[in-house]
Amino acid sequence: MSVITLREALRAAIDEEMARDDSVLLLGEEVGQYNGAYKVSQGLLEKYGPERVIDTPISEEGFTGIGIGAAMAGLRPIVEWMTLNFSLQALDQIFSNASKMRYMSGGQFSVPIVFRGPNGPAEYLGSQHSQALQSIYAHVPGLKVVAPSTPADAKGLLKASIRDDNPVVFLEAELMYSWKGEVPEGELVIPLGTADVKRPGKDVTLIGFSKPLRMVLEAAEALAAQGIDAEVVDLRSIRPLDEAAIYESVRKTNRCVVVDEAWPFASVGSHVAWLVSRNCFDDLDAAVEFVSAEDVPMPYNHGLELAAQVSVDKIVDAVKRVLYA
Amino acid sequence: MPEKILMMALSPTMETGTLVRWRKKEGELVASGDVLCEVETDKATMDYESASEGTLLKIVVQAGGQAQVGDTIAIMGKSGEDFSALLSDTRPVAAKAPVALAAAPRAVASVASREAPSAMPAAPPTGRVKSSPLARRIASQKGIDLRSLHGSGPDGRIIKRDLDAASAGAGAGIRAPGAGPAAIAAGPVYKPGPGDEVVPLSGMRKVIARRLSESMFSAPHYYLTVAITMDELLATRARLNEGREKKASMNAFLMAIAGRALLHHPKVNSTWNGDSIIRHTATDIGLAVAQPDGLITPVVRDCGKKGILAIDTELTDLVERARTGKLQPPEYEGATFTISSLGSSGIDEFTAVINPPGSAILAVGAIRKEPVVGKEDRIEIRQRMRATLSCDHRAIDGAVGAAFLRELADMLENPMLALA
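For the record, the sequence lines run as chains A and B. Read in order, the letters of the first sequence correspond to residues 1 to 325 in this note's numbering. Read in order, the letters of the second sequence correspond to residues 326 to 745 in this note's numbering.
Hints listed in this document are in silico derivations from the structure and should not be mistaken for laboratory results. Some hints could be false.
Claimed, not checked - Quick list of simulated restraints, FRET-style, between CB atoms:
id, chain 1, residue 1, chain 2, residue 2, range
1, B, Gly468, A, Ser110, 55 to 65 Å
2, A, Ser127, B, Gly468, 51 to 61 Å
3, A, Arg278, B, Asp489, 22 to 32 Å
4, B, Val345, A, Arg251, 45 to 55 Å
5, A, Arg251, B, Gly468, 17 to 27 Å
6, B, Asp618, A, Arg251, 43 to 53 Å
7, B, Ala534, A, Arg199, 42 to 52 Å
8, B, Ala356, A, Pro299, 36 to 46 Å
9, A, Arg278, B, Gly468, 22 to 32 Å
Heads up, the beta-carbon is just placed ideally off N, CA and C, and yes, glycines get one too.
I would like the entire structure built from these sequences, with the hints used as guidance.
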């Protein structure tokens with residue numbers, strides 16, 4: 001067991017998979033000579049050479065499409081988007097080709113590709129570059145969507161994503177790259193579609209994923225100090241979704257708060273809240289609460305920027321509501 | 326902006342109200358809290374207080390007319406305002422007009438609040454019991470009637486903790502389910518005047534309030550009274566007690582004889598149990614005993630099969646400990662029938678509230694000499710006692726209660742019959 005950053009965990013996953021399988025390659029803006037905009041790919045160009053670590057022009061639609069074509073031809077590309085905000089340039093390739101190719105070709109082609117990069121707001125980046133876009137990708141059948149919250153999960157899930165024969169959108173976060181955590185030595189592959197109970201509890205179920213999960217855990221600690229024992233379920237994978245783990249927890253606690261840093265309308269969080277409302281109806285003692293970003297473009301003013309996002313206080317307040325406390 | 330004044334649900338079960346009288350005239354200024362009109366509900370005539378202020382522009386439903394909950398009964402606004410647009414979509418109801426029965430029940434609360442938010446102090450009660458899905462599931466598993474509970478969630482929603490509290494508080498015994506209004510637990514809140522003493526509720530006071538409210542509000546009570554000539558029983562008692570240091574009490578006689586009468590009338594010795602009626606084999610009779618702050622009903626088990634002296638011995642011990650608050654729950658719970666006597670307080674006759682899980686209670690007054698029309702219309706002086714039986718009509722119909730009370734009276738007048 002060693003303590004490493006999430007950035008290092010991602011790098012280890014890519015490195016190990018590239019060493020294990022010659023068909024794995026990495027392409028994107030500045031992934032090679034600059035060692036990655038966020039240094040995830042540091043040293044990989046040196047180790048695997050320019051044929052497998054490919055610097056691309058600033059053309060998301062182009063290199064995303066090249067990756068999809070390479071996947072159809074039998075390679076296992078990892079496409080790094082410098083941020084998910086830029087991936088919007090490539091939506092047609094992702095929606096129309098990557099997600100549908102296996103279905104529309106009757107299984108003649110599969111698209112074993114990973115699209116990865118930082119998602120969600122960081123700080124001081126303005127409206128266009130402070131967006132959590134999981135709702136958009138989770139909306140599309142044919143795509144898998146993965147969103148870890150710890151270095152160990154990041155490593156194990158990225159390796160599983162690279163080995164998966166379907167297109168996977170792998171969500172990271174700029175502010176998470178330097179987060180540290182224990183990662184087990186040796187081979188670590190975490191199957192997609194398995195949630196993880198990060199904190200057991202009996203009074204209320206908190207469901208989250210990706211960067212806000214740290215706030216969810218902080219909220220759970222704050223609640224523990226008030227005698228409220230919260231269970232924290234980290235979804236880790238949005239598609240496929242581990243519904244069984246969610247329901248098991250809610251049936252135990254009878255209360256549920258869903259946390260998603262995206263906008264609330266038609267979001268992963270609102271969908272999970274609906275699933276819980278529908279499938280745990282007779283187990284609920286209160287309406288499911290949902291903590292999301294405020295329904296506004298991200299303000300640049302830092303005070304407003306923080307106010308527009310999920311916070312520990314907002315989560316604690318939501319828990320109080322479902323507990324009628 | 327002129328606004329509609331809607332008929333409110335002034336009782337939980339009210340669907341239609343009759344305008345008895347308007348207390349404000351068209352054109353008159355109305356302050357918030359002023360009584361606009363008097364409305365007769367299914368239960369009582371109540372004042373309709375205005376939640377908003379302005380000028381009463383138009384009375385839509387005249388005195389004598391009826392309005393369904395949610396109907397517009399008047400328009401308020403500023404003097405001289407045009408309110409014709411509001412009138413066009415109201416349904417004026419002619420005086421004494423029959424209420425349209427075919428209409429589907431409407432979502433009164435939401436309609437009302439959307440149309441005129443400021444006119445409604447709060448969503449009017451719709452009679453529907455709000456509860457969380459989990460609370461409903463637990464209630465159905467435990468056989469608890471949600472209507473008998475008070476909800477502590479938003480808008481009175483019944484949630485899990487209310488059921489937990491109910492299970493913890495109800496203790497043993499069979500519940501008397503029914504439409505106990507939520508008001509049992511949360512009554513009106515009054516402000517004490519200067520110098521008034523505010524007495525916090527003792528645990529016993531809370532139990533009395535809850536149990537007897539539940540009984541009174543869920544069990545339809547009716548009352549039967551007989552005057553009983555007690556000379557024979559008094560003579561019998563005197564003979565039995567002759568030479569005895571410990572005299573058998575009148576209550577022991579009453580319980581022994583009532584127990585025997587109950588054996589003949591099992592329908593009276595019963596418990597209303599929601600979807601069934603339990604007819605008890607044991608005749609467990611409670612006796613109401615006053616305590617410094619309240620009362621308690623120690624129970625003598627199986628009175629119908631015990632002798633007077635045995636009952637008297639048990640009763641003496643129970644009453645002694647009841648007065649000092651030392652009874653254990655098994656000694657005062659689960660009476661199938663109850664006797665309450667205020668004769669020693671000089672009361673001639675009274676009615677009592679049924680003590681669940683029993684379905685009937687006998688209220689006995691003082692024994693007094695009085696003139697009675699005897700044989701050949703001769704006026705005789707007799708020892709007379711009045712007894713009033715309160716029955717739960719759900720379990721005991723009038724003729725059934727009357728037959729029991731008549732036989733009980735006959736046995737008291739002629740104690741030999743109790744042995745027959």
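Here's how the hints hold up against the structure:
no.	hint	result
1	B:Gly468 to A:Ser110: 55 to 65 Å	holds, 57 Å
2	A:Ser127 to B:Gly468: 51 to 61 Å	holds, 57 Å
3	A:Arg278 to B:Asp489: 22 to 32 Å	holds, 26 Å
4	B:Val345 to A:Arg251: 45 to 55 Å	holds, 53 Å
5	A:Arg251 to B:Gly468: 17 to 27 Å	holds, 22 Å
6	B:Asp618 to A:Arg251: 43 to 53 Å	holds, 45 Å
7	B:Ala534 to A:Arg199: 42 to 52 Å	holds, 43 Å
8	B:Ala356 to A:Pro299: 36 to 46 Å	holds, 45 Å
9	A:Arg278 to B:Gly468: 22 to 32 Å	holds, 27 Å
When each numbered hint is compared with the structure, no violation occurs for any of them.
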